[in-house]
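Novice: So the chains spell out like this:
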Amino acid sequence: MSEAKNQILNRIKTALDEIPEEERPEDISVSRTYHQKGKLSEEKRVNLFVERAGEYQATVKRVKKKGIKGAISEACKRQKITKVAIPTGFNKSWLPDFLQPQFDSVDTRLSHNKLDQMDGVISTCALAVAQTGTIILDAGAGQGRRVLSLLPDYHLCIIREDQIVELVPEGFAQIEEEVKKEGRPITFISGPSATSDIELSRVEGVHGPRRLDILVVG
Amino acid sequence: MQISLFITCFNDTLFPETGKAMVHLLERLGHAVDFSFEQTCCGQMHYNSGYHEEAIPMLKRFVEVFGDAEYVVAPSASCVAVVKEFYPIIAEKTEDPALIKVVKELIPKVFELSQFLVEELELEDVGAYYPHRVTYHPTCHSLRMLHVGDAPLKLLRNVKGLELVELPGALECCGFGGTFAIKNADTSIAMLSDKMAHINDTGAEVCSSIDNSCLMHIGGGLSRQRSGVKPVHLAEILASTEEGA
Amino acid sequence: MSKKSIQHTPTFEETANAYLTNSQLRRNLGHATHTIRNKRTKIVGEMPDWEHLREAGNKLKKRVMRHLGSYLLQLEESVEKAGGTVHWARDAEEANRIIVDLVKQQEAEEVVKVKSITTDEIKLNEALKKEGIQALETDLAELIVQLAEDEPSHILVPAIHKNRAEIRDLFQEKLNNKELSDRPEDLAEAARLYLRKKFLSARVGISGANFGVAETGTVAVVESEGNGRMCTTLPETLITVMGIEKIIPTWQDFEVFMQLLPRSSTAERMNPYNSFWTGVTPGDGPQEFHLVLLDNGRTNVLADEVGRQTLNCIRCSACLNVCPVYERTGGHAYHSVYPGPIGAILTPQLKGLEDDGAASLPYASSLCGACYEVCPVKIDIPKVLVHLRGKIVDEKKRNGSIKQRLNPEHVGMKWMARVFQNSKKYERAQKIARSGQWLFVKDGTISKLPGQLSGWSAMRDLKPIPDQTFRGWWRTRNE
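Chains as they are written, first to last, in our numbering: chain G, 1 to 218; chain Y, 1 to 245; chain H, 1 to 479.
Keep in mind that the hints were calculated from the coordinates and are not lab data. Take these hints with a grain of salt, some might be off.
[Said to hold, decoys possible] Straight-line distance between alpha carbons at most 25 angstroms, and here's what the computed SDA-like set of lysine to any residue pairs gives: (1) H:K397 - Y:E53; (2) H:K403 - Y:I89; (3) H:K198 - G:D153; (4) H:K383 - Y:I89; (5) H:K403 - Y:D186; (6) H:K463 - Y:G228; (7) Y:K230 - Y:T202; (8) H:K396 - Y:I182; (9) Y:K183 - H:K198; (10) G:K13 - H:H8; (11) G:K64 - G:S29.
[As the list claims (entries may be wrong)] Ranges of calculated distance between the beta carbons of each label pair, as one might list FRET restraints: (12) H:E354 - Y:T241: 40 to 50 angstroms; (13) Y:E205 - H:E373: 50 to 60 angstroms; (14) Y:N158 - H:E166: 49 to 59 angstroms; (15) H:Q421 - G:T14: 35 to 45 angstroms; (16) G:E43 - H:E166: 27 to 37 angstroms; (17) G:D27 - Y:E119: 30 to 40 angstroms; (18) Y:D201 - G:D162: 35 to 45 angstroms; (19) H:S454 - Y:G169: 20 to 30 angstroms; (20) Y:Q2 - H:S454: 44 to 54 angstroms; (21) Y:M1 - G:E43: 58 to 68 angstroms; (22) Y:N158 - H:D356: 50 to 60 angstroms; (23) Y:N158 - H:E46: 28 to 38 angstroms; (24) G:Q174 - H:L200: 32 to 42 angstroms; (25) H:E46 - Y:R226: 44 to 54 angstroms.
Built from N, CA and C at the ideal position, the CB exists for glycine as well.
Using the sequences and the hints, build the whole thing.
Specialist: Now the structure itself:
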């Protein structure tokens, strides 16, 4: 054990010497009486998510499964996107023909500089939280390495209606296992990049994707 | 009811009119009041300034004076807050189980005046008459420690002839804070200036409160400003009748 | 902690006036704090279970503090199992030495940093500079503060004391951008382009941590701009400095803190980006992760049973935004990286009460209690302030200099305590005060007071002590 570690642990022991030896952490009871499970129907949840995510200046559209390709096409044309980064495991059949996709995979990793030159990135997500309008990425299939959804200036995210939970506790609960088993890196996205430093005027976009479009598929 | 008056050293010395008003009011409402000359000070100033050891004899004295009382009522939210919130802590420090017990038993009998009237006596109309435009400043102790809520406003609303005007930024501290007003005079004055601006904006004749400490500070500033606004403790307003106070 | 000779950081009382008279600071800060204050009230008002969350947050932190040793060991084990390396630093010097060595191992001369008050606390940037390593701040406000060679004045909005024209001038000069306007969007764009080049070439990133989960070894960074994601994802090596109090027990506990923090700090339901990483993920992000655990006085705070709750702090700054003192003086008046109400209790406990400036901070408060009302983890700041005042007075009594013990306030307090012990003494003192005041009464009012009391009469009149006290009246009434 390093000297520093030893000394810090000893300091802590001395600092806490008034606490009885037998006390265990669980003896300090924590009542989880805050809301842990949502009550809304799926339809209401979806509506709430669309409303809340929209408040962050993300464009949110609802589409049917067969309309995905068309919706991606519309969004990319509107945002003037042609060169897109596509994560491993993304459903290629959804991609309209006019796009120039660069596929990221274990064998062909897109470099940071290459990603910086892309117009945008299209991905799916792990789940979404309606109450806060949050998208959760877990680096899984269709989402890819974290840098993919970070460097390009535009992010188009495809969410299924059944991926939307109501409350924040439900969001954390759903990804708990994969974090514990695989140590997956998790990213929460609630709107595009923002800052409000200069005289508190809210300025959209500094480093992360400044434009965020969300498709909710039912 | 038999009410033991806890006038507070501050009111006893500097604002006897407030104490007198409380006596007239409670007697008018049909209660018997007593005053023990043995009372001196609750220890607030010493305790808040860090002189904790010095506060212990003051606590003991308080407990001795008021231990047998049925009800202890004071026209001061800050002093009552000290008794209710800090006396248990101070008593714990002495590690004297008898004292700790006696403090615990005494506390539920100690009240600030407006809380006593509205919550204990369940009165909102005390038959007062005060034909003036009044604005009310809720003090930090009353709001955040005693949680008197809007008891004072309820009482003021029922005073005949009184025009009650809401104070903007009411929840903001006036800047008194005990020795803070002198130790950090510059900051205290900056806070006071904004409070006075709000008060002057209401066009009120009178600024009322349930703590003469804050009123002394606010009133002192208003006087220096020659603003023409008078500071008047709630007890004095409630004691005022058509026949005179 | 080494015994330092008595320091003289300026006291709050000495410096406050300079800031109170800064009209731009007063307007900006007044506007900012009132705006965020109202937004916070609204967004918290949406949550019917807010008090339950606060209570849970408080209890979870209590659990952590009372068992900090075992939680730290659990965290170390989890992080190392996930491929990270844990270092322990007793104080700022040690932490800086560890970090400098790690950066040198990578042969990097420039590192990119996410805003971290902890790194400001240990003065990391200066330590790196001494070794020829440039640490580039990447938060827009921190970048502004760094380019201006200034100090942050607010936990969350560090450049609030600068207006857009000042920032434009700064960027024109330092970022070599001569045509720049002062519109916020343009300023942000200029910063973005400048920093992007840096992000793409940086090989070492340094961050702080909002939370560290003992159970899983996960570290969390909460942010708005995206530079946190940049610094923790792009470089090959990531070094995170974390105060030992930032631990939360389990992954599940995020459900409490990730609801408390965004609503309390930026008054949002959720802030734009949150990164939760666990050790190292092959092929994704930094392949080397170092977590530096920092004490630097926190164990002193831990040792104080009443002061211990100070460590609950999740750095939301809600207390700053409601404090009537902070909104008028700003952060620099506290002479600490931790200003405002939380600073008034944390700084003296970290620095020690021998430091004059630190010892003045517990008195820089009117004890109004607005901070306690909004603290998401229920730190009873007024209670700790009064407790620290008690420690300061005790210290004065035990080890105070002659000057301190003869201070009029000290003498006055002890005299009054004696007076209040006896009703006869008390009544005599009342008489003395009444008769002595004639020196100061003019035209029915007192408008000038001597010595230390002149602070009162500078702006306030005083009503003279009436001829008859309440008890005098009661006595005659009952005869």
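Novice: For every hint, state whether the structure bears it out.
Specialist: Hints, one by one, checked against the model:
At most 25 angstroms may separate the alpha-carbon atoms for a hinted pair to count; K397 of chain H and E53 of chain Y meet this at roughly 11 angstroms. With a CA separation close to 31 angstroms, the supplied pair K403 of chain H and I89 of chain Y exceeds the 25 angstroms bound. With a C-alpha separation of about 17 angstroms, the suggested pair K198 of chain H and D153 of chain G falls inside the 25 angstroms cut-off, and the hint holds. Using a Cα cut-off of 25 angstroms, the hinted pair K383 of chain H and I89 of chain Y holds, with the two alpha carbons roughly 10 angstroms apart.
Our distance criterion of 25 angstroms between C-alpha atoms is met by K403 of chain H and D186 of chain Y, whose separation comes to about 24 angstroms. Our distance criterion of 25 angstroms between C-alpha atoms is met by K463 of chain H and G228 of chain Y, whose separation comes to about 15 angstroms. A threshold of 25 angstroms between alpha carbons decides the hint, and for K230 of chain Y with T202 of chain Y the separation of about 13 angstroms falls inside it, so the pair holds. Pair hint K396 of chain H plus I182 of chain Y holds up; C-alpha atoms about 20 angstroms apart against a cutoff of 25 angstroms.
Between K183 of chain Y and K198 of chain H the CA atoms are separated by roughly 48 angstroms; this puts the pair beyond 25 angstroms, and the hint is violated. With a C-alpha separation of about 32 angstroms, the suggested pairing of K13 of chain G with H8 of chain H is violated against the 25 angstroms cut-off. As the CA atoms of K64 of chain G and S29 of chain G are separated by approximately 47 angstroms, the hinted pair breaks the 25 angstroms bound. For E354 of chain H paired with T241 of chain Y, a C-beta distance near 59 angstroms fails the hint of 40 to 50 angstroms.
Separated by about 32 angstroms at the C-beta atoms, E205 of chain Y and E373 of chain H break the suggested range of 50 to 60 angstroms. Distance hint for N158 of chain Y and E166 of chain H: a CB-CB separation of about 54 angstroms, consistent with the stated range 49 to 59 angstroms. Q421 of chain H and T14 of chain G have their C-beta atoms about 38 angstroms apart, which keeps the hinted 35 to 45 angstroms range intact. Against the hinted window of 27 to 37 angstroms, the Cβ-Cβ separation of E43 of chain G and E166 of chain H comes to about 51 angstroms, which falls outside the hint.
The hint said 30 to 40 angstroms for the Cβ distance between D27 of chain G and E119 of chain Y, and at roughly 37 angstroms that hint holds. Remark: the range hint 35 to 45 angstroms for D201 of chain Y to D162 of chain G is contradicted by a beta-carbon distance near 56 angstroms. Range check, S454 of chain H to G169 of chain Y: about 28 angstroms between beta-carbon atoms, so the 20 to 30 angstroms window is met. In this structure the supplied range 44 to 54 angstroms holds for Q2 of chain Y paired with S454 of chain H, their Cβ-Cβ distance being about 45 angstroms.
A hinted range of 58 to 68 angstroms holds for the C-beta pair M1 of chain Y and E43 of chain G, which are about 60 angstroms apart. Range check, N158 of chain Y to D356 of chain H: about 52 angstroms between beta-carbon atoms, so the 50 to 60 angstroms window is met. Between N158 of chain Y and E46 of chain H the beta carbon distance is about 35 angstroms. The supplied range of 28 to 38 angstroms therefore holds. A hinted range of 32 to 42 angstroms holds for the C-beta pair Q174 of chain G and L200 of chain H, which are about 34 angstroms apart.
The hinted window of 44 to 54 angstroms between E46 of chain H and R226 of chain Y holds, with their beta carbons roughly 46 angstroms apart.
Of the hints listed earlier, those the structure fails to meet are numbers 2, 9, 10, 11, 12, 13, 16 and 18, in rising order.
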